[in-house]
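S.K.: Sequence:
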Amino acid sequence: MPQPNLRSDDYYQILGCPRNVDDKALKKAYRKLAVKWHPDKNPDNPEATTNFQNISEAYACLSDTKKRNLYNQYGKEGANAADQMPEGGGCPGGFHGGFPGGGGGGGMHHMSPDEARHFFAESFGGSDPFGGMFGGGGGPGMRSSMGGGGRGGGADPIQMMFSQQMGGMPGGMHSMTGRQQSHRAPRYDAIPRGTIVSLKGLVNKADLNGERGAIHKYNPESGRYAVVLEDTEETLSVKADNILQHVQVKLHDIQSQQELNGKSGTIITWCPNKERYNIYLVAPKKILSLRPNNVILQSGTVAQISGLLSKPELNGKWGTIKEWIKESNRYNVQMSAQQILRLKAENMRV
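Each residue of the sequence shown is one higher than the one before, starting from 1 at the first, in full-length UniProt numbering.
By construction, these hints were calculated from the structure, which means they are not laboratory data. Misleading hints may appear alongside valid ones.
[As the list claims (entries may be wrong)] Cross-link-like lysine-lysine pairs, in silico, DSBU-like; alpha carbons within 30 Å at most: (1) K250 to K205; (2) K344 to K250; (3) K285 to K317; (4) K286 to K27; (5) K28 to K285; (6) K76 to K200; (7) K217 to K205; (8) K317 to K239; (9) K274 to K286; (10) K250 to K27.
Given only the sequences and the hints, what does the whole structure look like? Please build it.
M.R.: This is the structure in structure tokens:
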């Protein structure tokens, strides 16, 4: 697959796809780029909005059979004329009849920021584009079956991907049976295998920031995680500070929109300058910017202590969420086999 070229005027080059790309690969390319450049995931990057519009416009054309055929023959003007044809057609996800203001022969219509956002939400129906990967299903932030106290559930995306496609684990790695895993002492400070993550803050490989993958294993000696990337199947060794977990959460105590309390969503990014998460909701489809005290992490999530004033020596340490106490908005956090701390929701970050 060629690399995406967001500065190109060619829709195939924008998405990094050959002209004979099939529908499944086309949608995968769109999702990857749209998630990476979504404006709510890049609030301080004005270029992201333009990239997001161009990516969405390219996929809106190429995912529609009639428009794609006309584009292949006559370019953008030909694809734009598809909206004027009597048979109808239109873009997937409810964009029948073209975009507002579109028309053939009188110049191209380009997606507005609002159109691009709406198209992104509608393109994935009721599913979560920020959630599952490797072709797997499940709800937002679903993890694999794994060791470490039985956290998570469902099929293991790492093992499934490599057993089906490569006949084994990456780099000579071997999967462990449940019996082998049960003999290991559980770690409460390590993000579980199979957790969906994206990379951030990389310096030497800055081009990989925003790439998605899944945790394969944790090396306690180096304090690094082996992360298998979604698209290239490359395995990288990265620090915890370079990982953002896309875990499922529930909303709590939102005074301005109380009807959203109790709704489930997925963490898509953390904005350090605002100290807020961006949370993607499937129903209703929207992205919210929320403080940690309004975002409840699920039991089994491994999170980092942050901003604790009473015991600052604990800041930076990791533990496993055991339960959430609604009355006090605090977590019971398992730090070791002998130690459980009760900490405010605002002091736990992923």
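S.K.: Now look at each hint and say whether the structure bears it out.
M.R.: Right, here's what the structure says about each hint:
1. K250 to K205: Judged against 30 Å, a Cα distance of about 33 Å means the pair is violated.
2. K344 to K250: holds, 16 Å
3. K285 to K317: violated, 34 Å
4. K286 to K27: holds, 20 Å
5. K28 to K285: Judged against 30 Å, a Cα distance of about 20 Å means the pair holds.
6. K76 to K200: Judged against 30 Å, a Cα distance of about 35 Å means the pair is violated.
7. K217 to K205: At roughly 20 Å apart (the allowed maximum being 30 Å), K205 and K217 satisfy the hint.
8. K317 to K239: Between K317 and K239 the Cα gap is close to 13 Å, so the pair holds against 30 Å.
9. K274 to K286: Since the Cα atoms of K274 and K286 sit roughly 19 Å apart, the hinted pair holds (cutoff 30 Å).
10. K250 to K27: This hinted pair holds, its Cα atoms lying about 28 Å apart.
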